[in-house]
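Since the structure of chain A is provided, determine the placement of chain B on it from the hints.
Chains as they are written, first to last, in our numbering: chain A, 2 to 314; chain B, 2 to 314.
There could be a bad hint or two in this list.
Identical chains share a label here; the pair holds if one copy fits it or two copies do between them.
[Claimed, not checked] No more than 30 Å apart at the CA atoms, straight line, and that leaves these computed lysine-lysine pairs for DSSO-like:
| hint | residue 1 | residue 2 |
| --- | --- | --- |
| 1 | K299 | K260 |
| 2 | K301 | K78 |
| 3 | K268 | K225 |
| 4 | K4 | K305 |
| 5 | K305 | K225 |
| 6 | K299 | K18 |
| 7 | K225 | K18 |
| 8 | K48 | K18 |
| 9 | K268 | K23 |
| 10 | K32 | K301 |
| 11 | K268 | K32 |
| 12 | K268 | K286 |
| 13 | K280 | K18 |
| 14 | K266 | K71 |
| 15 | K286 | K18 |
| 16 | K4 | K225 |
| 17 | K312 | K225 |
| 18 | K48 | K286 |
| 19 | K301 | K286 |
| 20 | K299 | K4 |
| 21 | K305 | K262 |
| 22 | K266 | K32 |
Keep in mind that the hints were calculated from the coordinates and are not lab data.
There are 2 protein chains.
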Amino acid sequence: MNKEIQTIIDTIVEGNKRVIAKAITMVESEKDGYLNLLDQLHFYTGKSLRVGITGPPGAGKSTFTNHLIKLIRARRKTVGVIAVDPSSPFSGGAILGDRIRMKDVLLDDGVFIRSMAARGNLGGLARQSMDAAEILEAAGSDIIIFETVGVGQIELDIMSAVDTIVLMTVPDAGDVIQTMKAGIMEIGDIFVVNKSDLAGADRMRDDIDYMLNLRSKKDGWRPKVRLSEAIRGIGIEVVLDDIFNHISFLEDNNLLIEKRKQRLKNKIIGLINYRITEKYWDEEKERYLNSYLNNEIKNKSPYKFVDELFKDA
Amino acid sequence: MNKEIQTIIDTIVEGNKRVIAKAITMVESEKDGYLNLLDQLHFYTGKSLRVGITGPPGAGKSTFTNHLIKLIRARRKTVGVIAVDPSSPFSGGAILGDRIRMKDVLLDDGVFIRSMAARGNLGGLARQSMDAAEILEAAGSDIIIFETVGVGQIELDIMSAVDTIVLMTVPDAGDVIQTMKAGIMEIGDIFVVNKSDLAGADRMRDDIDYMLNLRSKKDGWRPKVRLSEAIRGIGIEVVLDDIFNHISFLEDNNLLIEKRKQRLKNKIIGLINYRITEKYWDEEKERYLNSYLNNEIKNKSPYKFVDELFKDA
Chain A
2 MNKEIQTIID TIVEGNKRVI AKAITMVESE KDGYLNLLDQ LHFYTGKSLR
52 VGITGPPGAG KSTFTNHLIK LIRARRKTVG VIAVDPSSPF SGGAILGDRI
102 RMKDVLLDDG VFIRSMAARG NLGGLARQSM DAAEILEAAG SDIIIFETVG
152 VGQIELDIMS AVDTIVLMTV PDAGDVIQTM KAGIMEIGDI FVVNKSDLAG
202 ADRMRDDIDY MLNLRSKKDG WRPKVRLSEA IRGIGIEVVL DDIFNHISFL
252 EDNNLLIEKR KQRLKNKIIG LINYRITEKY WDEEKERYLN SYLNNEIKNK
302 SPYKFVDELF KDA
Chain B
2 MNKEIQTIID TIVEGNKRVI AKAITMVESE KDGYLNLLDQ LHFYTGKSLR
52 VGITGPPGAG KSTFTNHLIK LIRARRKTVG VIAVDPSSPF SGGAILGDRI
102 RMKDVLLDDG VFIRSMAARG NLGGLARQSM DAAEILEAAG SDIIIFETVG
152 VGQIELDIMS AVDTIVLMTV PDAGDVIQTM KAGIMEIGDI FVVNKSDLAG
202 ADRMRDDIDY MLNLRSKKDG WRPKVRLSEA IRGIGIEVVL DDIFNHISFL
252 EDNNLLIEKR KQRLKNKIIG LINYRITEKY WDEEKERYLN SYLNNEIKNK
302 SPYKFVDELF KDA
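Bound-form chain A, shown alone (with noise of 0.2 Å):
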């Protein structure tokens, strides 16, 4: 192995906060050795709990996992935030208040937050942020969480990669209740109604209750639901003792081991194809669908193109 990679690993190991940094970007923008990099870390990975928080802009995710990361760091463990969510003052995209307000976890050396950022590099970013999360593993980060919005392809990849998932909704989210039928629902470990003190977040906890009696458990886990206030920190507490709960309940009924082994699946599966597409994709067949698509497209449908593009093969 490269003497200048081992360098690297140890530093990173060590918790360097700005190797971890630097590694992270190499991953990024898939800076040569990056895989190299990640092949050698490897081996220092695989112990940290994985935690996705996700829900709609303003919903208040960051405030909460703010406190949540101060309730974690109290109970000795460390943590790493990997905020794939442009809207989050972890990705310095939010106003001034938020980012004094998180001071204190910045400044703390059991803490990593990076942002992770779409810059018109969309397809890879749920795989960047896994590999992100690699680099924080084996920098011992106890729990790596992922703050995303919405409800997107790329969320929905980052969820199914982590052990437990926070569902975070707020009161009068008429359409966040329609989207969570339609779908959402399926994917929560934890269901969190923020801004408590709003009107209709008793009404909402109970209507997300009573539509989680509905729903299929593909697990057994009865999921939990919970009101907060984040910006007071109340309420929070209780989720993080959910989230522990939660990873027992996976490691006693051993699903924890299944669920990391299936990650790791997807995650070679996705490399696998990514190198087989890429080997395809040479200068001769792009040449061929150019000239397809210059001289034949009005005789000859895409779908009969590619279905004699396999015929030959």
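Below, chain B alone, put in the same frame as chain A:
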């Protein structure tokens, strides 16, 4: 060609709503013969204008779209709507009042509305929406509107496949501005601040306008920023004019044909990549992967495993 398929195609081209709906279901569920159907329909496509309307839940996209449809109909053009938005009234996921308000357009023969839902099959949703659009094109829709929510990968995939993108937002959506800053600004051709009766609407329009001055203009089109109050039908006609003006702009600059060629190219690349990965994964490959996961994962990283796989090949 299969005689049954020919009958289906003839009936779609005649605009039979029941058969159109069935054909979309066929495509959505990837039922046997759907590629054959799309293959034959291809020769009836290529004429519709495609408009994307996207924005956060609750921005009023469906109410806006409802009025837009009526205005398009008043100009004697037919409309197809594909709602890829679980919270849309068009998806049946809304309060009764919304659906009653939309009764006119739902009963109009020149309007076809279809909702596409994730239903746990998220990977293919963008592709399926495109396929559904081809059916609507063959059925003679002059304009096809894609309604999507949020800024996830699927939404961006869909938006990258339309001719004109309308980005909707509402005043006081502080987070929306952040989200917009973080990438979504790049894709909008027309920006609409809906609920313009709310405080801060003018300010928000000016903010967006200011940000657009800073944005790099890829194709030379200066995006429009408009105020609307969709619930009262205010400010919608001017957006429709913007849409047609944008299309004319694309035509005048030879960009429409380029856009469509690129769209088709991406579609074919997607079809091919799907086929090569499908071809790759047989029982033996999966067994080999499982064996690695069960036996070797501790001494060999996934990256090395994949590397070796491609060295052998």
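Each hint, compared with the structure:
1. K299 / K260: between (48 Å within a copy, 17 Å between copies)
2. K301 / K78: For K301 and K78, the Cα distance is within 30 Å only across copies (29 Å; inside one copy 61 Å).
3. K268 / K225: For K268 and K225, the Cα distance is within 30 Å only inside one copy (29 Å; across copies 42 Å).
4. K4 / K305: between (52 Å within a copy, 18 Å between copies)
5. K305 / K225: Intra 51 Å, inter 40 Å, cutoff 30 Å: neither.
6. K299 / K18: Between copies only: 27 Å across, 57 Å inside.
7. K225 / K18: Result: close neither inside a copy nor across copies, 35 Å intra and 44 Å inter.
8. K48 / K18: Close inside one copy (19 Å), not across copies (55 Å); limit 30 Å.
9. K268 / K23: Answer is within: at 23 Å inside a copy they meet the 30 Å cutoff, but 36 Å across does not.
10. K32 / K301: between (41 Å within a copy, 22 Å between copies)
11. K268 / K32: Answer is both: 19 Å inside a copy and 28 Å across each meet the 30 Å cutoff.
12. K268 / K286: both (27 Å within a copy, 15 Å between copies)
13. K280 / K18: neither (36 Å within a copy, 43 Å between copies)
14. K266 / K71: Neither: 33 Å inside a copy, 50 Å across copies.
15. K286 / K18: neither (44 Å within a copy, 40 Å between copies)
16. K4 / K225: Answer is neither: 48 Å inside a copy and 55 Å across each miss the 30 Å cutoff.
17. K312 / K225: Classified as neither; 52 Å inside a copy, 48 Å across copies.
18. K48 / K286: Intra 43 Å, inter 28 Å, cutoff 30 Å: inter-copy only.
19. K301 / K286: within (18 Å within a copy, 34 Å between copies)
20. K299 / K4: Result: close only across copies, 22 Å inter versus 57 Å intra.
21. K305 / K262: Between copies only: 17 Å across, 39 Å inside.
22. K266 / K32: both (24 Å within a copy, 28 Å between copies)
Consistency with the previously given hints fails for numbers 5, 7, 13, 14, 15, 16 and 17, ordered from lowest to highest.
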